[in-house]
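Work out the full structure, taking the sequences as your base and the hints as a guide.
Chains as they are written, first to last, in my numbering: chain A, 1 to 86; chain G, 87 to 637.
Watch out, some of these pointers could steer you wrong.
[What the hints assert, rightly or not] Anything over 12 angstroms on all C-beta distances counts as not near chain A; from chain G, calculated:
1) A134
2) D168
3) E453
[Unchecked claim] Below are the DSS-like pairs computed for lysine-lysine, each with C-alpha atoms no more than 30 angstroms apart in a straight line:
4) K27/A x K126/G
5) K57/A x K624/G
6) K425/G x K97/G
7) K44/A x K529/G
8) K97/G x K24/A
9) K24/A x K135/G
10) K258/G x K342/G
11) K470/G x K529/G
12) K217/G x K27/A
13) K557/G x K425/G
14) K27/A x K135/G
15) K217/G x K41/A
16) K24/A x K258/G
17) K126/G x K44/A
18) K529/G x K342/G
19) K217/G x K38/A
For the record, the hints were derived by calculation from the structure and aren't laboratory data. Values in this document were obtained by computation on a predicted structure and should not be read as measured data. Ideal Cβ placement from N, Cα and C applies to all residues, glycine included.
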Amino acid sequence: MKEFNYTVQDPLGIHARPAGLLSKLAKTFDGTVVTVEKDGKVAKASQLMKLMGLGIKQGATVTVKAEGENEDAAIAAIEAFFKENL
Amino acid sequence: MILIQGKGVSKGVTKGKLYFFQRPDTNIEKKPATDLEAEKARLADAQAKSMDQLTALAEKCREEAGDESAVLFETHAMFVEDDDYVESIMDTLEEEQCNVEYAVKLAGEQFAAMFAAMDDAYMQARAADIKDVTQRILNNLMGIAEGGIDSDEPVILAADDLAPSETLQLDKSKILGFVTMGGSGNSHTAILARTMGIPAICGAGEALKETYQGRIAYIDGETGSLILDPDDLTLAALKDKHEKQQEMKRLLETMKGQEDITLDGRKMMLYCNIGSPEDVDAVITNDGQGIGLFRSEFLYLAASDYPTEDEQFEAYKKVAAAMNGKRVVIRTLDIGADKQVAYFDMKKEENPAMGVRAIRICLNRPEVFRTQLRALYRASAYGKVAIMFPMITSVWEVRECKRACQKVMAELEAEGIPYNKDTEIGIMIETPSSVFVADALAKEVDFFSVGTNDLTQYTLACDRQANDLGKFFDPHHPAVLRALKMATDAAHAAGIWIGICGELGADISLLPTFLAIGIDELSVSPTSVLPLRAEIRKSIAKTCTLEKLEC
Numbered sequence: 001m002k003e004f005n006y007t008v009q010d011p012l013g014i015h016a017r018p019a020g021l022l023s024k025l026a027k028t029f030d031g032t033v034v035t036v037e038k039d040g041k042v043a044k045a046s047q048l049m050k051l052m053g054l055g056i057k058q059g060a061t062v063t064v065k066a067e068g069e070n071e072d073a074a075i076a077a078i079e080a081f082f083k084e085n086l
Numbered sequence: 087m088i089l090i091q092g093k094g095v096s097k098g099v100t101k102g103k104l105y106f107f108q109r110p111d112t113n114i115e116k117k118p119a120t121d122l123e124a125e126k127a128r129l130a131d132a133q134a135k136s137m138d139q140l141t142a143l144a145e146k147c148r149e150e151a152g153d154e155s156a157v158l159f160e161t162h163a164m165f166v167e168d169d170d171y172v173e174s175i176m177d178t179l180e181e182e183q184c185n186v187e188y189a190v191k192l193a194g195e196q197f198a199a200m201f202a203a204m205d206d207a208y209m210q211a212r213a214a215d216i217k218d219v220t221q222r223i224l225n226n227l228m229g230i231a232e233g234g235i236d237s238d239e240p241v242i243l244a245a246d247d248l249a250p251s252e253t254l255q256l257d258k259s260k261i262l263g264f265v266t267m268g269g270s271g272n273s274h275t276a277i278l279a280r281t282m283g284i285p286a287i288c289g290a291g292e293a294l295k296e297t298y299q300g301r302i303a304y305i306d307g308e309t310g311s312l313i314l315d316p317d318d319l320t321l322a323a324l325k326d327k328h329e330k331q332q333e334m335k336r337l338l339e340t341m342k343g344q345e346d347i348t349l350d351g352r353k354m355m356l357y358c359n360i361g362s363p364e365d366v367d368a369v370i371t372n373d374g375q376g377i378g379l380f381r382s383e384f385l386y387l388a389a390s391d392y393p394t395e396d397e398q399f400e401a402y403k404k405v406a407a408a409m410n411g412k413r414v415v416i417r418t419l420d421i422g423a424d425k426q427v428a429y430f431d432m433k434k435e436e437n438p439a440m441g442v443r444a445i446r447i448c449l450n451r452p453e454v455f456r457t458q459l460r461a462l463y464r465a466s467a468y469g470k471v472a473i474m475f476p477m478i479t480s481v482w483e484v485r486e487c488k489r490a491c492q493k494v495m496a497e498l499e500a501e502g503i504p505y506n507k508d509t510e511i512g513i514m515i516e517t518p519s520s521v522f523v524a525d526a527l528a529k530e531v532d533f534f535s536v537g538t539n540d541l542t543q544y545t546l547a548c549d550r551q552a553n554d555l556g557k558f559f560d561p562h563h564p565a566v567l568r569a570l571k572m573a574t575d576a577a578h579a580a581g582i583w584i585g586i587c588g589e590l591g592a593d594i595s596l597l598p599t600f601l602a603i604g605i606d607e608l609s610v611s612p613t614s615v616l617p618l619r620a621e622i623r624k625s626i627a628k629t630c631t632l633e634k635l636e637c
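See below:
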């Protein structure tokens, strides 16, 4: 299992567009589950609505985990995505 | 033969199938499913259709309105395929053994409620997106076509009445004409029909029955009659009229490229009214010399949330650039009264025509105003943009608007974004108070444009939406024409120009009066440009009189 912590910079938080792109990206890693956790609440990154439902705002710190056969590639790609879009 | 008599609100004769506008049926009942697999297959089919539509919409948007609005539809597409959403539908199907429509409706409600309950305004607004997506899937499940028209061939569209947001979504290529049970010459259907240059009849009443769906009908937008199964005599008359109409069109073609000038050398600026960037084609085809009124409401009415600065900028820039240096007068947000937008969350008013509308909303909500002004000034770098403020009653309002403009220009200057600092600023003259203080207002602005529809409504105390005021609602009333004269005298004393952008501007019977008053500009539906030009070129301004101002 790989993980990283990230503090959201985007003024709108994890809003519809990046959430959508993230869920698309998360689905591309076969056999690997990517989760996003905030204050003990967890959503799979591939679950668009649940992810938005976490209500992650600017300044919130989230823990992103990847587990499975492609976890290395997944965590690298997802961390890059967070830095670029959120 | 069946004859239904309404009020002709847009001229022309046409023949076609009657098609009743379908509103999405929100009343979905739970029914037991006989074949669960079949229900799942229907869902997959509706999802695929929805995805196709959304992808096409996103592409269309990217070409026409820019990236921001395209992203909205792409997000909608993601919702359609979202695992949780689909899982929730599947769970309901399995547990309840019910029809898929009910399961979709339930999932939509659950997720919309989840977003609505979040403590973040942005997320709360996403509830509207979920509802929109859910409705799209439901429409596809129930075979209700988007834009309300499920027909391969163009039709005569029949409806009780159409809301502004509904007219915006119509597939215009499928409409030959309109006939509505309610409405008036000033309703949005009528205005749309005139812009499109197709016939329309309003106020057909209960005689217009939904059982006529699919029947071949003839409509005459001049006399206001709709005819089913015409007898030979009527048919011959209709055909004759249609031919004359075609002949007239050919004659008008010869007016293209001609100057708008009277026989004695008085020039008139002949401009067009438009409601969206798509209408620019009609302006160019009909040789309009500029745009005297670009209603910015379409941006707000068609959206489920406040349009962003970039979305607005793209739309204004597109029109400014397409007009290639010709003047484009863009009116700032004019909602309220008959044009309501849910996300503005306006309080319900007893008398919205006299309530918080148009410039009053903008001055109460500086952020909404600032976004639009920034978009307008950014667009001013790409053509001859002029900004016009609606519903002005007082000098202080104009000064406040101008201060907001100054502020926006200073911001753009500081950010190094190009804009035209000499962008003209004008106001609508549509309230009696603006006429009474026109001399003071004229010193503040670069031009006036008279909105005759509202000016008539407020001057005569006649609701423009009401059907039954009849003879009391008289746009030719001497009081209205005298108001025009007062505003014109005030404008000319201050050295600024004045135009008319209401429906009255296209009224050929008033052209001599307008010339006598000294109106400088007429802004009309694109299809009225050439007939009006033909009339102007036959007129002699100095022999025109003010007789219509007498009581």
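A quick look at each hint next to the structure:
1. A134: holds (18 angstroms)
2. D168: violated (4 angstroms)
3. E453: holds (14 angstroms)
4. K27/A x K126/G: holds (23 angstroms)
5. K57/A x K624/G: Distance ~66 angstroms between K57/A and K624/G Cα, so the pair is violated.
6. K425/G x K97/G: holds (25 angstroms)
7. K44/A x K529/G: Cα-Cα ~62 angstroms, so violated.
8. K97/G x K24/A: Answer violated: K97/G to K24/A is near 52 angstroms, above 30 angstroms.
9. K24/A x K135/G: holds (20 angstroms)
10. K258/G x K342/G: Status holds; Cα separation ~25 angstroms.
11. K470/G x K529/G: holds (22 angstroms)
12. K217/G x K27/A: holds (25 angstroms)
13. K557/G x K425/G: holds (25 angstroms)
14. K27/A x K135/G: Distance ~22 angstroms between K27/A and K135/G Cα, so the pair holds.
15. K217/G x K41/A: Between K217/G and K41/A the Cα gap is close to 25 angstroms, so the pair holds against 30 angstroms.
16. K24/A x K258/G: Judged against 30 angstroms, a Cα distance of about 35 angstroms means the pair is violated.
17. K126/G x K44/A: It holds: about 25 angstroms lies between the C-alpha atoms, which stays within 30 angstroms.
18. K529/G x K342/G: violated (36 angstroms)
19. K217/G x K38/A: holds (27 angstroms)
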